[in-house]
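Could you build all of it, start to finish, from the sequences and the hints given here?
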Amino acid sequence: MSRVVRLGEGAGGYLQIPAMRRVMEALESFQREIEIRNADDVCLYATAAVREARNGREFLQEMEDRFGWNTEILSSKEEARLGFIGAGRLSSQEFTLIDIGGGSTEISVGRVVPERCRSFPIGALKQSREPKVLSDVFTNLPQRKGELVGIGGTIRMLAAIWRDVKTYSRKNVHATVIDMERLRELKERIEKMSMEEKRKLCAMDPERADIIEGGVQILVHLMERYETEKLTYSDCGLTEGFALKKWGKV
19 MSRVVRLGEG AGGYLQIPAM RRVMEALESF QREIEIRNAD DVCLYATAAV REARNGREFL
79 QEMEDRFGWN TEILSSKEEA RLGFIGAGRL SSQEFTLIDI GGGSTEISVG RVVPERCRSF
139 PIGALKQSRE PKVLSDVFTN LPQRKGELVG IGGTIRMLAA IWRDVKTYSR KNVHATVIDM
199 ERLRELKERI EKMSMEEKRK LCAMDPERAD IIEGGVQILV HLMERYETEK LTYSDCGLTE
259 GFALKKWGKV
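Under the numbering used here, think of the first position of the sequence shown as 19, with each following residue one higher.
Derived from the structure by calculation, the hints contain no laboratory data. Only a predicted model underlies this, so the values are computations on that prediction, with no experimental measurement involved. Heads up, some of the hints might be wrong.
SDA-like cross-link-like pairs, simulated, lysine to any residue; straight-line CA separation at most 20 angstroms [what the hints assert, rightly or not]:
no.	residue 1	residue 2
1	189	107
2	184	218
3	95	54
4	163	248
5	184	228
6	163	215
7	216	231
8	205	181
9	216	181
10	95	156
11	205	228
12	218	181
13	150	209
14	216	22
15	263	62
16	205	163
17	267	90
18	248	162
19	267	109
Just the calculated beta-carbon pair ranges, DEER-fashion [what the hints assert, rightly or not]:
no.	residue 1	residue 2	range
20	61	212	38 to 44 angstroms
21	58	32	30 to 36 angstroms
22	80	242	38 to 44 angstroms
23	58	84	15 to 21 angstroms
24	80	210	38 to 44 angstroms
25	147	266	25 to 31 angstroms
26	182	133	34 to 40 angstroms
27	79	203	42 to 48 angstroms
28	189	225	21 to 27 angstroms
29	133	214	26 to 32 angstroms
Don't be surprised by glycine CBs; every beta carbon is placed ideally from N, CA and C.
In structure tokens form, the structure reads like this:
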């Protein structure tokens, strides 16, 4: 189950009421499914949108009071660490991980567990709404080691475009190799597209149509900076890393 809720949209330092309402509506639909499946334990984690908002903790407390679920705000370092651990199943060698979220991008380097992590305050949503000069944001990048691996909704959407997948399933997108030449061409196409054209392109997840442009710009920039011609998408990432943490495996 997944839902794009744009929690960080229009934040300005505070989570906005329409965005918080969208989250609550999504959680209500998840709650029904959770009850059907008789889940023993439910945990929520929050990332950049809540972490950076002045009313973030207050909102999480509201969710706890309403649903009775445990909640946790991940620090930028912990977000990067858990995303790396989750994606690590794709490679037994040293690798560099790019995780493009809505409000932040994490880059980690290591083997099994990250040795170096950095979080940058720009993501697909932020870049789509208020474009930045990316070279000014991505300073002091961690030195790349091994192959480049990517996780997160933007790169999952690109993997679906690469394979012409219209309906999500892990086996159809996991381990997709995204090549730089085609990615540059796609970026140029997307920047000229209408919103309706973007929705058709993002057929697997049309709710990402309005932020795909910013996400692709970030990925192209980082692959150029790392001077690499390919990136491999992992459909295992932060959620899997968080689950392993909760199970006491990391």
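Checked hints:
| no. | hint | in the structure |
| --- | --- | --- |
| 1 | 189 - 107 | holds, 14 angstroms |
| 2 | 184 - 218 | holds, 10 angstroms |
| 3 | 95 - 54 | violated, 35 angstroms |
| 4 | 163 - 248 | holds, 14 angstroms |
| 5 | 184 - 228 | holds, 17 angstroms |
| 6 | 163 - 215 | violated, 37 angstroms |
| 7 | 216 - 231 | holds, 9 angstroms |
| 8 | 205 - 181 | holds, 17 angstroms |
| 9 | 216 - 181 | holds, 16 angstroms |
| 10 | 95 - 156 | holds, 16 angstroms |
| 11 | 205 - 228 | holds, 14 angstroms |
| 12 | 218 - 181 | holds, 15 angstroms |
| 13 | 150 - 209 | holds, 15 angstroms |
| 14 | 216 - 22 | holds, 16 angstroms |
| 15 | 263 - 62 | holds, 13 angstroms |
| 16 | 205 - 163 | violated, 26 angstroms |
| 17 | 267 - 90 | holds, 18 angstroms |
| 18 | 248 - 162 | holds, 13 angstroms |
| 19 | 267 - 109 | holds, 18 angstroms |
| 20 | 61 - 212: 38 to 44 angstroms | holds, 40 angstroms |
| 21 | 58 - 32: 30 to 36 angstroms | holds, 35 angstroms |
| 22 | 80 - 242: 38 to 44 angstroms | holds, 42 angstroms |
| 23 | 58 - 84: 15 to 21 angstroms | holds, 20 angstroms |
| 24 | 80 - 210: 38 to 44 angstroms | holds, 42 angstroms |
| 25 | 147 - 266: 25 to 31 angstroms | violated, 39 angstroms |
| 26 | 182 - 133: 34 to 40 angstroms | holds, 37 angstroms |
| 27 | 79 - 203: 42 to 48 angstroms | holds, 47 angstroms |
| 28 | 189 - 225: 21 to 27 angstroms | holds, 22 angstroms |
| 29 | 133 - 214: 26 to 32 angstroms | violated, 44 angstroms |
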